[in-house]
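Engineer: As you go down the protein sequences, you meet chains A and B in turn.
If you count by full-length UniProt numbering, then the first sequence holds residues 1 to 867, one letter each, in order.
If you count by full-length UniProt numbering, then the second sequence holds residues 1 to 129, one letter each, in order.
It is worth saying that the hints were derived from the structure and are not from the lab.
Even glycine gets a Cβ: it sits at the ideal position worked out from N, Cα and C.
Mixed in with the good hints there might be a few duds.
[As the list claims (entries may be wrong)] Simulated DEER-style distance windows between Cβ atoms:
id, chain 1, residue 1, chain 2, residue 2, range
1, A, R135, B, I14, 40 to 46 angstroms
2, A, T341, B, G18, 19 to 25 angstroms
3, A, D257, B, D26, 32 to 38 angstroms
[Said to hold, decoys possible] Using 30 angstroms as the maximum straight-line C-alpha spacing, the simulated DSS-like pairs for lysine-lysine come out as follows:
id, chain 1, residue 1, chain 2, residue 2
4, A, K274, B, K20
5, A, K63, A, K20
6, A, K213, A, K194
7, A, K157, B, K103
8, A, K355, B, K35
9, B, K31, A, K157
10, B, K104, A, K177
11, A, K158, A, K194
12, A, K389, B, K20
13, A, K347, A, K402
So the chains spell out like this:
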Amino acid sequence: MIRAIRACKTAAEERAVVRKECAAIRAAINENDHDYRHRNLAKLMFIHMLGYPTHFGQMECLKLIASAGFPEKRIGYLGLMLLLDERQEVLMLVTNSLKQDLNHSNQYIVGLALCALGNISSAEMARDLAPDVERLLQFRDPNTRKKAALCSIRIIKKVPDLAENFMYPASSLLKEKHHGVLITGVQLCTDLCKVSSEALEYFRENCIEGLVKTLRDIANSPYSPEYDMAGITDPFLHIRLLKLLRLLGQGDADASDCMTDILAQVASRTESNKNAGNAILYECVQTIMSIEDNGGLRVLAINILGRFLSNRDNNIRYVGLNMLMKAIVVDAKAIQRHRATILECVKDSDASIQKRALELVYLLVNESNVKPLTKELIEYLEVSDQEFKGDITAKICSLIEKFSPEKIWYIDQMLKVLSEAGNFVKDEVWHALIVVISNASDLHGYTVRALYRAFRASTEQESLVRVAVWCIGEYGDMLVNNVGMLDIEEPITVTESDAVDAIEVAIKHHRLDLTTKAMALIALFKLSTRFPACSERIKDIIFQNKRSLVLELQQRSIEFNCILQKYQNIRSALVERMPVLDEATLSGRKAGSLATTVSTSTIAPCNLPNGVAEPAAAPIGDLLDLSSDDVPAPISSGGDFLQDLLAIDLSPASAPSSGTSLPPKAGTDVLLDLLSIGTPSPGESSPSALDMSSSTQDNKALLANLNGLASLSLLPANATSPESSAGAMGLLDVFDPNPQKRDENGPAYPSIVAYESNSLRMTFNFSKQPGDPQTTFIQATFTNRSPNVYDDFLFQAAVPKFLQLQLDPASSNILPASGNGSITQNLKVTNTQHGKKPLAMRIRIAYKVNDEDVLEQGQINNFPSDL
Amino acid sequence: MCFEKVIRELGGVILSRGPKLCNFVDWRGFKVVYKRYASLYFCMCIDQDDNELEVLEIIHHFVEILDRYFGSVCELDLIFNFHKAYYILDELLLAGELQESSKKTVARLIAAQVFCLMEPCCFNGFTFQ
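Please work from the sequences and hints to get the whole structure.
Structural biologist: Printed below as a string of structure tokens:
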């Protein structure tokens, strides 16, 4: 049959042959044909190896195993191991046969059973058959003993509780002379130590001397033809012993002492010109590095490592790098010496070696060597392969971020990386760069000029273009007037029109994507105030995009246009320089998961004019009406985080209509306020900031803050805060309707009326601990709106599974009438999906009035969405 | 993961490696050690903390035993006698660990079992030294 299959020229032919054979086999099985049974099973196994389904053969295996003859059993077990695995239920049926075979008088049959059990047994089978296997550990035949030992390994891996039973028999195996039994015995002890600490203690106390002696004997033994490999007697045994010694010596000084001599001997006398010797040295070095400190040995080990690293054989270098990674934990200084070699390895043509070397370099970096190492890595970035670029870029970026000694260096390096491999740079990285830039106010001029130069050089790397465009938009005036020149800079003349040119390129270039173009549009808008001379030209460019087929661009350009034409008075306030972005917030945000799924909570007022369609449609509709005619009605869903810019544009539209002027462009002050609310903001007015974007990345929210003046939510026409005087509040008054809620320690939340009926009102006051955003403390206050007193007042609450609720006892259970008093009760809610799902709660309130029981139930949906 | 998918994926990874590169590949969190003998690749998948150089030795050990058994083994031997190759493997590795470091012993065991096969019914096994 095999010949027939191999003779097939096409896959279809092969399938046909296989199908025919399968049919024949199935027929034979059904007829219970005994003669060709094992031939058929062999065929079936081959077919299985080719990848075809063969489950109909599984019962055949079982039948063969159950039959009496050795040949049948043998092929049956092989079939079992090939065609089945531990997840199949059919396997359970074999347990009985296995039990009988384990007790068979023919040792080879016992061996077959042990083999099958050791390779594919499940946990139940292991438990059932463990006593038999244990008994076999002392069988007369050494071959059976060794199989039993390995089988036990699987058993204890599957059922760790049984480990203690195997401890004593295992230790007696260690005293054997037969190499096979010794190897397997040592392996069994090793696994026992991994699984059970009791076993570890036992072996540590009783067996170390024996093991050391065995290792010594083996190392010193004369030539033995049976076990010799490349001049070393039984390297496998060496290695197993070393492994076990490692486990026993780890963390225990006495044990480690016993081993030092033999380890020194092995390390210094093993020949390393063949693979077997190197394997032993590798294991030996690992052992030395893991056990308790011994200066001399460590030096020996590091020397060996050094030799490995400079070996020409790739395998050895790989292994050396691996070892170094583990050794670095123990002795970092010694590793630094090898820095140059490791850097060489990063440039190696072998991908496995490159990867390891790169990881090592990453571990090696500290404050003192970060500059030269980064320089080397960036140089390498230029010549590395495409597949590898992504990895290297990520590593370089995180190195720069962690260790950067000064801002200017940071910015320089990031610029280089962006120019070289910007397309591989992740969003968080360039967002962080923007944050740093905005924080380094003295470097603004320098940065924008450098970016301008880089941008003129090439527009290939998308992230570079984005950062450049943002900076030019923000700091365009510095660019043109050469503000803040540093000594190291060369003078550069950039006219306003050059700057506008640059951005125009960004808009028009066909390869750049939506985000970049959108950013470019707003940058232009910013420039329209900073460069009044170019205002007309900018207007034209923006105008050109009015008919863009991309909704985002169209929307923006129309709005900007609108502002440019009709609302000149607020334009400058709108595009004031961005406040310094809060770095702490950024890192906090990166750490926590402030994912910004669009909240569809019923805090309808504030949300999401953009990016979230349905629930917010109504208020938005209003706003859209207020704004100028040519704003397109449909709200784009999905799309860009920078869409929240829309928010700004709409609200000022409503401002003029109510006639209130915007607050004196307190400009920076007010915007600085913005900053303090940059984080999960207080007030219903701005949970939006985070929710606004339709994407779920935190960084997008950050940028939403950044580029938006954004957290400026849209104050809906039905503004909730009575404090705000005029109807549609001025743009910049929006946030913080309840200033006293602002809490020095952590973000503050407004209280809500959680439940209200004709007879009862329940309000919730929220607070959070500053470091713990997931847990909210709620103080519930109940007031009685009726003229009757309520007795036996009981409040109960239920929360969905992702929340945890703790209720403290209430202050009392009598609620005086007509609001003459109140009951308070504290709750603590922990939101395991903080940031992703808002709080929700169902409540039941029971009380007695005039001796009648009343039950009120409700659901609270108006939690602030960022709790 | 299903058997043939594994093979296909690994096959792709290993076959695309050049000759001078090292014999270890990282794959799905495991390490795969492979060694090439003429047109055959022997691959072993191991954990992160196993000794790769030793595994190379194990592969070589296996190949030498096969060679001794089949007499100058070639690919066709393995294809047409895959069940015998498996029997040998079963004497060498069990539960993922090495069973016997002596080629002579393995050969003896295989021979003994062949002898068993020739008998039509089971019998109390002799202990072969």
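Engineer: Each hint needs a verdict: does it hold in this structure or not?
Structural biologist: Hints and how they fare:
{"no.": "1", "hint": "A:R135 - B:I14: 40 to 46 angstroms", "result": "holds (42 angstroms)"}
{"no.": "2", "hint": "A:T341 - B:G18: 19 to 25 angstroms", "result": "holds (22 angstroms)"}
{"no.": "3", "hint": "A:D257 - B:D26: 32 to 38 angstroms", "result": "holds (37 angstroms)"}
{"no.": "4", "hint": "A:K274 - B:K20", "result": "holds (17 angstroms)"}
{"no.": "5", "hint": "A:K63 - A:K20", "result": "holds (23 angstroms)"}
{"no.": "6", "hint": "A:K213 - A:K194", "result": "holds (23 angstroms)"}
{"no.": "7", "hint": "A:K157 - B:K103", "result": "holds (28 angstroms)"}
{"no.": "8", "hint": "A:K355 - B:K35", "result": "holds (21 angstroms)"}
{"no.": "9", "hint": "B:K31 - A:K157", "result": "holds (20 angstroms)"}
{"no.": "10", "hint": "B:K104 - A:K177", "result": "holds (16 angstroms)"}
{"no.": "11", "hint": "A:K158 - A:K194", "result": "holds (13 angstroms)"}
{"no.": "12", "hint": "A:K389 - B:K20", "result": "holds (22 angstroms)"}
{"no.": "13", "hint": "A:K347 - A:K402", "result": "holds (23 angstroms)"}
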